[in-house]
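Residue numbers (the working numbering), protein chains in the order written: chain L, 1 to 122; chain H, 1001 to 1106.
For the record, the hints were derived by calculation from the structure and aren't laboratory data.
Each residue gets a CB set at the ideal place from its N, CA and C atoms; glycine is no exception.
Honestly, I wouldn't trust all of these hints.
Stated by the list, open to error - These stretches of chain H come out as covered by chain L in the derived footprint (C-beta under 8 angstroms, 3 or more residues):
# : segment
1 : 1021-1029
2 : 1058-1071
As the list claims (entries may be wrong) - Pulled from the structure, derived: some chain L residues nowhere near chain H, Cβ distances all over 10 angstroms:
# : residue
3 : Pro14
4 : Lys76
5 : Gly113
Stated by the list, open to error - Taking lysine-lysine pairs in the DSS-like style, the calculated list, with each CA pair at most 30 angstroms apart, reads:
#  : chain 1 : residue 1 : chain 2 : residue 2
6  : L       : Lys13     : L       : Lys43
7  : H       : Lys1102   : H       : Lys1041
8  : L       : Lys76     : H       : Lys1041
9  : H       : Lys1106   : L       : Lys65
10 : H       : Lys1106   : H       : Lys1041
11 : L       : Lys65     : H       : Lys1041
12 : L       : Lys13     : H       : Lys1106
13 : L       : Lys65     : L       : Lys43
14 : L       : Lys65     : L       : Lys76
15 : H       : Lys1041   : L       : Lys43
16 : L       : Lys13     : L       : Lys65
17 : H       : Lys1102   : L       : Lys76
Here are the chains, one letter per residue:
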Amino acid sequence: QVQLVESGGDLVKPGGSLRLSCAASGFSFSDYYMNWIRQVPGKGLEWLSYTGSSNTYTAYADSVKGRFTISRDNAKNSLYLQMNSLRAEDTATYYCARGGSRVYTAMVTDYWGQGTLVTVSS
Amino acid sequence: IQMTQSPSSLSASVGDRVTITCRTSQNINNYLHWYQQRPGKAPNLLIYDASTLQSGVPSRFSGSGSGTDFTLTISSLQPEDFATYYCQQSFRTPGTFGQGTKVEIK
Chain L
1 QVQLVESGGD
11 LVKPGGSLRL
21 SCAASGFSFS
31 DYYMNWIRQV
41 PGKGLEWLSY
51 TGSSNTYTAY
61 ADSVKGRFTI
71 SRDNAKNSLY
81 LQMNSLRAED
91 TATYYCARGG
101 SRVYTAMVTD
111 YWGQGTLVTV
121 SS
Chain H
1001 IQMTQSPSSL
1011 SASVGDRVTI
1021 TCRTSQNINN
1031 YLHWYQQRPG
1041 KAPNLLIYDA
1051 STLQSGVPSR
1061 FSGSGSGTDF
1071 TLTISSLQPE
1081 DFATYYCQQS
1091 FRTPGTFGQG
1101 TKVEIK
């Protein structure tokens, strides 16, 4: 069965960096777009980024463009989110989610991980 | 693309028919999807491409609409349906979500 497991969430100071990981299993990882989506506690969902099969097709929300970098290692069935210059407003649960296999289905996310909490505070 | 989801919350009883609407600021054809999120859980895809039921989702859920106006309908609310529902557009990045509709027990 499809499984996505995020890790790497932590308490970090403003201006700091963090790298989130998402371990995927149960499907052909390289065939699918992968997304990061976050949710501030008690609030709604915010799509952040996706990457295509070979890291060549990526997209970002304006709120994280230039600070966050998405990447994947298909040999390790893993997705990553490098987060730099973190701000208090980046405090949220971060989910990795599987998209479709075509660019027009990239953001149609049918499987999600359980999320990992990032807290940005001094 | 701005998403306007309504209502933001509603109270309903088991067996009720529930309708949630999502309006987008521009034409997105049918690139509109619906998710259910139960407390403490990750969202779950219910409907994609406006009206296609995701595998494993009960048939009491249905979606309709195209262009800028979309609807999620639950034909007969069940106890496990009390949750928050989100619409999302994938016509262009960023894949914006609606603000959510919390369905509560009356």
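**Prompt:** Checking against the hints above, which ones are violated?
**Reply:** Those not satisfied are hints 1, 2, 5, 9, 12 and 17.
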